[in-house]
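Novice: Residues per chain are reported as follows:
2 protein chains.
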Amino acid sequence: MKTVINLPEIRAARAELTGPIGFVPTMGYLHAGHLALVRRARDECASVVVSIFVNPTQFGPQEDLASYPRDLPHDLSQLREAGVDLVWTPTPELMYPPGFQTWVSVEKVAQGLEGAARPGHFRGVATVVAKLFNAVQPHKAYFGQKDAQQAAVIQRLTKDLDLPIQIVVCPTLREPDGLAMSSRNSYLTPAERQAATVLFRALSAARIAFGQGERRAETLRQVVRTVIGAEPLANLQYVACSNAETLEELELVHDKALLSLAVHLGKTRLIDNILLE
Amino acid sequence: MKTVINLPEIRAARAELTGPIGFVPTMGYLHAGHLALVRRARDECASVVVSIFVNPTQFGPQEDLASYPRDLPHDLSQLREAGVDLVWTPTPELMYPPGFQTWVSVEKVAQGLEGAARPGHFRGVATVVAKLFNAVQPHKAYFGQKDAQQAAVIQRLTKDLDLPIQIVVCPTLREPDGLAMSSRNSYLTPAERQAATVLFRALSAARIAFGQGERRAETLRQVVRTVIGAEPLANLQYVACSNAETLEELELVHDKALLSLAVHLGKTRLIDNILLE
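Quick mapping for you: the protein sequence lines, in order, are chains C and U. Residues in the first sequence are numbered from 1 upward in steps of one, following this note's numbering. Residues in the second sequence are numbered from 1001 upward in steps of one, following this note's numbering.
Please keep in mind that the hints were generated in silico from the structure rather than gathered at the bench. Take these hints with a grain of salt, some might be off.
What the hints assert, rightly or not - With a straight-line cut-off of 27 Å between C-alpha atoms, the simulated DSSO-like cross-links for lysine-lysine are:
hint, chain 1, residue 1, chain 2, residue 2
1, C, 159, U, 1256
2, C, 159, C, 256
3, U, 1108, C, 108
4, U, 1159, C, 140
5, C, 140, U, 1108
What the hints assert, rightly or not - From chain U, some residues computed to sit far from chain C (all C-beta separations above 10 Å):
hint, residue
6, 1011
7, 1099
8, 1103
9, 1107
10, 1126
11, 1164
12, 1217
Unchecked claim - To be clear about the criterion: a stretch of chain C counts as covered by chain U if any three or more of its residues have a C-beta under 8 Å from a C-beta of chain U, and this derived list gives those stretches:
hint, stretch
13, 91-103
14, 106-116
15, 156-164
Think of the CB as a built atom: it goes at the ideal place given N, C-alpha and C, for glycine as much as any other residue.
With the hints as extra help, turn the sequences into a complete structure.
Specialist: Written as structure tokens, this is what we have:
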């Protein structure tokens, strides 16, 4: 496994790999969810490239950029174990040198939910993903369903900008008690960690209602609100029942919907979602 | 010479070309300036691709999109003559299908001059150039110095988004009387055509002042204003004396400056520029 830092290095190392090339962009502090993306890439592609970059432009000024968890040695040993060919660990100074001033913005699909709760977040995501894609030039890129809106934004920008890359969205990996795997779970106190199961319990309750025939989006959202409201440590920021591709809020669920939520547990903000279909 | 229209066609045709690939993006109605770009690409690259696309998103609502001159048969015969390998003529519907919502924006360098006079213009230019680059994936792309700010915007976005493409900016071609070649010259009445020589005469007068040692940017701009003011058919929209890379307005010209202007002649708007160095 080769590790590179700057742009000429990643280009040169990329040029030596056999195609097709699978790419897993990450912010590091890897968990089993990331490793499932790597395994899928390993299965489908001749070569696998992983980037580790905590992208400052997708964090708001009040967010957790400085405290975002990092453990590069452990990340690298997990990636080596997983059979990755090439790891790229650029620095913020290399990605955003003085004079940097070009942004990729996705409109409608990036405006609600996380986009509304975190202004500028998806402009940062879209810009860094475009840069990572242009440097790595993969055939396929792998993202987790846990960040459902991010996946929708990246699918949209890939199509709109005519990037010759196939976006593969992989199922959310969960802890045995249902909590979606996330690097931010490491922030939780033991009590918050226990309370955090409420996200998936709330989504699951709505899924049961959907399974029993409930199609009114507002009623499904209300099921989520009720379950979250019963957990004293949890504060619901939003719950949405939306079209899974456009992220437009629904009144009625016809065939398929994305049910998603953001919850504060103390200082930690967690998101989760399920597809109703 | 092969001609293609849709994205799968351009990708397939591109894949069959021998590299390095030179790319000349145009809006058609080709003149000697375009053909000089093609010739340069032909000299430097194994294969030459030209696109012809009158990009709607770079025209303002009051601008000349509908009347922009078009002559595809003549364009194609000129390109065939010039030894071009592949011509791509996409349609607006193919480039901007329903649901399109991703934009590439360059900030500071796109804000003054043409960016201030034509709101949204450079967002349209940056977005379409990113799309064209992603589809054609050239090694080198050729642009004319006549659109100096456009060249600076494209150089900036190519660098900022880590596109592996070398941008080559070629000198402005001029008519024997000094008028910069432009597809929009076809709009001019005979009287306006004669008056249009005032753009280059004004720039040349400032160049003489610069050659005589004048370094105050405002004095150089004033020379341009005076010459344009003496031509009754010409209305100066702006004159700028700016840093050639950042497009920031200068007070004093140290080593190098871009002197540029936009002028209305009747209903026609023309731009021109020279480098002072």
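Novice: Can you name, in rising order, the numbers of the hints this structure does not satisfy?
Specialist: Numbers 1, 5, 6, 7, 8, 9, 10, 11 - these are the hints that the structure violates, sorted from lowest upward.
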